[in-house]
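Novice: Residue numbers (the numbering used here), protein chains in the order written: chain A, 1 to 448; chain B, 449 to 1534.
Since the hints were made in silico from the structure, they are not lab data. Treat the numbers as computed from the prediction; the structure is a model and nothing was measured. Yeah, the Cβ is synthetic: ideal placement off N, Cα and C, and Gly gets one too. Where hints are given, some of them may not hold.
Residues from chain B that face chain A, not an exhaustive set, calculated with beta carbons under 7 Å [to be verified]:
#, residue
1, Gln-775
2, Ile-850
3, Asn-1093
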Amino acid sequence: MKKFILLFLFSVVVISCGKKTEGIEVTAEDFHEANDNLTKVMVHDIFSPPVASRVYAYSNIAAYEVMAKFDPQYNSLAGQLTDLTPAPESTSEQTNPEVAALVAFYEIGKNLVFSEERLTVKRDSIFNIWKERDEKTFKISEAYGLQVAKHIKDWMAKDNYAETRTMPKFSVHTDEDSRWQPTPPSYMDGIEPHWSKIRPFAINAADQFKPIPPPEFSMEPGSRFHNELMEVYNIREEIARNEEDSEKMAIAKFWDCNPYVSILRGHLMFATKKITPGGHWIGITKIACQKSEADFSKSIYAYAKTSVALADGFISCWDEKYRSSLVRPETLINKYIDEAWTSVLQTPPFPEYTSGHSVISGAAAIALTDIFGDNFSFEDDTEVEYGLPVRSFRSFKDASNEAANSRLYGGIHYRAAIEVGLDQGQALGKFVVDKLQMANTSTELAVK
Amino acid sequence: MLMFLQACKKQDLLFEEVKVSHSNLKFSNELNQDSQLNIFNYLYYYNGAGVAAGDYNHDGLKDLYFTSNEKEDRLFLNTGNFIFKDITTTSGINNADGWTTGVSNVDVNGDGLLDLYVCKVSGFQKLKGHNLLYVNQGADENGIPVFKEQAARYGLDFSGFSTQSVFLDYDLDGDLDMFLLNHSVHPNRNYGRGSKRQSFDPKSGDRLFRNDNGFYKDVCSESGIFQGVIGYGLGVAVGDLNNDLYPDIYVGNDFFENDYLYINQKNGKFQDLITTEPEKMGHTSHFSMGNDIADINNDGLAEIISLDMLPEDLETYKTSGLEFPYQTYSNYLKNGFSPQYMQNTLHLNTGKLNFSETAYLSGIAATEWSWGALFADFDNDTNKDLFITNGIKGATNDMDFIRFISNEKIQKQLSRGEFENYDDLIKELPAKKLSNYIFRNRGDNTFENTTEKWLEAAPTYSHGFVYADLDNDGDLDLVVNNTDKNAGIFKNNAERLNRNNYLKVNLKGNNSNTLGIGAKVLVYSNGKMQQQEHYLSKGYLSSLSPGVHFGLSDHSVVDSVKVIWPGFLTETKYNINANTIIAFNIKDADSLVYNDSQIIPLFTKKDSLIDYRHVEQSTLEFNREPLIPFGYGNLSPRIAVGDINGDDLEDLIIGGGKTQALNMWLQNPDGSLEKRENNIFKDAAISEDIDQIFFDVDGDKDQDLIVVSGGNEFTKGKALQPRLYINKNGKFELDDQQFKDLALNASKVTSVDLNADGAPDVCFSANIVPGEYGKTPVQYLFLNDGKGNFKEITSQYSEAFKKAGNVQDIIWIDINNDNFQDAIVVGHWMPISIFLNNGKKFTKLNAELENTNGWWNSVTADDFDGDGDIDIVAGNWGLNSRLKASEEKPIKLYLGDFDGNKSINPVVSYFYGNKETAFSSKDELDKQMPFLKKKFQTYKEYAAADFSEILPEEKLENAEIKQVFELASCYFENKGNNTFKKHILPFEAQVSSIFAINKHDYNNDGYPDLFLAGNNYEISTQLGRLDASHGTVLINDKNDFFEVYKGEIPGVSGAARDIDEICINGELHLVISLNNGTPVILKSNN
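Chain A extracted, bound-state conformation (with noise of 0.2 Å):
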């Protein structure tokens, strides 16, 4: 552990002094802030959980790509990821490779948010001070970071999004009750149901963790179906008793992560916004990179994998979802038990199985155990922007399984679409960190 420290002080250390760019100083902090002022943007723009998910991996690959050039630490993704080449070289000493991680992160992100300018204000207050204070070393830095982002882009132009946007609709069936239809308030149509062509990013392909099939749909009292059903009923009822000091209500509200939740009154229609899941663990990145005082190389490496983990894992829960198609909780109770039951949150536009948010916290939270370590207990302060609470877990599964649960506790959820999700996603987040060797085996040691 001492041998490491001093080393990758000196690594530092030894970088800072052949930039020769004393005017310009990039720390881990402008790399959390990128991130952040990209969740903003894509609150603002309305983004659904799995479009996010691609949003976050290409950004945060481009900036991983550009810092594995000059971090010997850290090796390129090129050839580990599905078609990716490796990015064309740095031609110039001068280049800072802060700064052109920064740019390529920024340039990616411009391209992927419909708000454009929202994201560039924020990143030109940045850029501008470093321009101001070495504009040489700035623009070649700038140059290489286009460089690359160019690169990512050409790679990212064929992992089929856009041929998937003039897809057919997902088509429903209301007249089987087994399979998912549109759920109130908005009934909107099936989001992205066809996410499962998007090329993945590390799995080998996005069937490569199908979870076995949902228990068999029945609504014979005493079925399992049903069983679980009567489940999330009686948990809304139980939720009901105890209102506001109800922990499970806490959990749900907390970990809702809904980018779009429509509020009706009367002719009345509003929004309101939150971040993804997959937004949600990218804030724990940052915490567990601040927490950990990670440098700039090590940040970019954490939110790198995570966001790999999580974007192969929408991929295969959505592959999941549109296969088995499966009808929401809410479908049911409205239909079978009560007409006007609500669950706790806002069911969400796709079908229920497998769950989501199970699925990527799963994966989530191995990639980042991979990085941190377990038992890495944290204070997650991520959505207190957003008017939720501080919690406290232990480690980052402790998180997941209770992010997991909280779909059962909002009633969006059946208990196996839980527990199955949440298996899918850690067998996934094995495979992907087993899979990617970013790192070198001295920081792995590191860490361990």
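Following the hints, position chain B against chain A.
Specialist: Structure of chain B alone, referenced to chain A:
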């Protein structure tokens, strides 16, 4: 002349606002900032209040009563010359608490004095109390009417969420009963099931009170009135819609709940027509507000208008919340709701309770966020005009507000669930302060927007209103209750401007109904009939003054006035001078004698002949291609008639939908039709049968059969292969060798002897390439060697024919007298096209039809005008939708890969006014072409953008463009040299799309007449649906045009697809097939 008129510069306006400084009428419906209510906790907080006009003190001048939602109702005495006096405090009116809605005039105790019934919201939040009945005690020594609140004494102290009351004699027992319209505050996040309307909610459910010896008894449980919690009743109107002299009731419900049309069953019960016979009304308004019942075309049948909130302004439209996507909409139909669209609806009464909704064609579909509508003859020209109030203080359907409440402080409050203090959020709600609308009735079922001509248009939030002749000068003035603005008094200057004549009719009923409410008044002058029913609660939350007003144009004498009183009593008076008041008293009336007319109708319905229902699968086309304006999945079935078994009786075949087999009936000698099951047809049930024909393929003198399929369900394979069935002694056998490599989404199959060799050849028409909207499919011609062997020769005959377009219909007729059959081809995005056949090749005829591109569905041809050449009639989309098209302002289809993902986006645009605009919503376009979402981040930016910014020229470089110049169904008159002159068919032929045309000389006058049928439900929900046709008969006027047959024909309601003739017992019958419905069979009576 009055002082204020001289001072006014706007002397040419029909309506001139009387200033408060002149009138002294100071009333504004101010909302109370200190109350606990707001738009968040009471969804009808901005719905406004009403007004009643009536002569409460019997001085010959009509006084005005205004309700105020949260403050004090006010009563103003009319002192003449548009000067008013506030007498609220001295009159005993004291209604300043709680929440007040509608007001009705009534003489509840038969003393001849006008009483007032006021509706309240009670039992909600902190609102207490009950509805109020102010009984008129007579005028005091100063001429001030004095009122006493006595609701409880009459059983009218209802406590709940009342909107408005209507007094009527529904059981014709001579006294006045009352229908009470209530609304709901039920949170509507979940649209639930329509069956909920069957349950009972004590506060929201509507009520019917029967007058039992002066006491009002709630008789809802036995009357068939819906009383569910989903009844968001905002409008109610009463009128006799089926001319049985029993009053019917129309209720407009907000949101997804159906409107109700209660038909009086004449036994104390009502039955809702919309749930029991949905095809009769078609669609209704979605967010129904105020409504009215009136005979707008003077045909003796009363129409219904119901208001909604469709913006006329394009930018408001594009920034407003729109209808559900097709799939969600289909689900809510399945959940027990009727089709409803955000638009004003005008249901023209075509008799037998068949209504044609023509608001678009009539020009009144979009009047912004609207509240009250009343038909009245404002210019005294004998046609009832239309005034509509609108405006809302907080428009809650603004998409930018919904998605991007930008203020982060508010967003944070919302995320924290702090829904207590809404002030900040309410401030962000866009206000829609708008000019009211007024329309002149042109007398032909259409209206001219005369807002600019007739009013000094000013933005207001206007709600309840009435018309009343306040200065007794023979025209109708207007009184409007505004929110946050003084009430509007508008003097009608018709007496000065157009000097049209008028007639007023006063009614004196019996002691239990002194006002003669429910009387029907018919005025006959100069060969014209006008009709009105005497109901006072009308429009929105408001009540008219008793008495009936008619405009007479320049008619100086009225031939007769007939009054039909409730309970079948009538009196007619003759030769009455115009510009007078004529009084009728029920004491002078006699029993009504029915004179049954013995007119034999053209057609009689013969429903029992076959028992079959075509079943259509719900379409997925709007899921696959969300940008398309309409689908192609509902074009089946067509009919084939021929003698299958050689017994000289015509047999019948009707196609089946996907998974339904072809159906065959053999005619028995007694004229009955016997269904024959046939396994060979069942084998092909998966195909959606589109068309089939009988013809002798192999020269053995019997009827063989070819069936073609389509439906936009399959892209290739057997399900799209034409099937040839060879007739072997009356039994069909499949010949699977012919056409075995062919697959087409067919629209039609025809047989024609192309080369005049005596062997019938065959033509397959195709309308689409499945799944690729707009792409041009291939048409096919096959030559028959006489033994039933077919060979494709399309290219040899004509490349142009092969690529003729998205063909929907084709007929073969020798148009140039060379003994070869020529083709008249019609379809979508293409002109009426004529191909001349010389037996070897086709040449396209230059017939001056080049710019007739339409959405044509059907065509027929004959020498309609008897001048020896062939004329054409073609059925189009019709003129009754949001879309308009002309050569200068076409509907355009852009087919191109606009987002570079190697798939074609079909983008449809149309002109709205002078602006080309995309038909699809921003949300749909964004999803298909994400670059647009980046380009237009708010709905406002998108709405303001030119079409050229949405699809800029560089994106259009490689795009294919198709166009539509004409949407009307037309008659093309052959000018003698095979060039054609276009005539637009009459109004009744434009109310819907025409898919089927039968031509036959129905009246035996030697000239072919027409039977038109159609409708289309498979249309993007943003366009609504075309359901207004119940079948139209056009009689040939022998002078190059057609007249609409005005007699009753049995309704052909539903999506009609084909009409064919079959001879049964020697008599002509028309078989009309319906998509997803049971065929209609009509016997011709001539």
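Novice: Each hint should be assessed against the structure and marked as holding or not.
Specialist: Hint check results:
The interface hint given for Gln-775(B) holds, since its Cβ lies 6 Å from the closest Cβ of chain A, which is under the 7 Å cut-off. Satisfaction of the interface hint for Ile-850(B) is found here, the shortest Cβ-Cβ separation to chain A being roughly 5 Å, below the 7 Å cut-off. With 7 Å as the threshold, the beta carbon of Asn-1093(B) stays out of range of chain A, its nearest partner Cβ sitting at about 39 Å, so the hint is violated.
Hint 3 from the list above is the single one not met by this structure.
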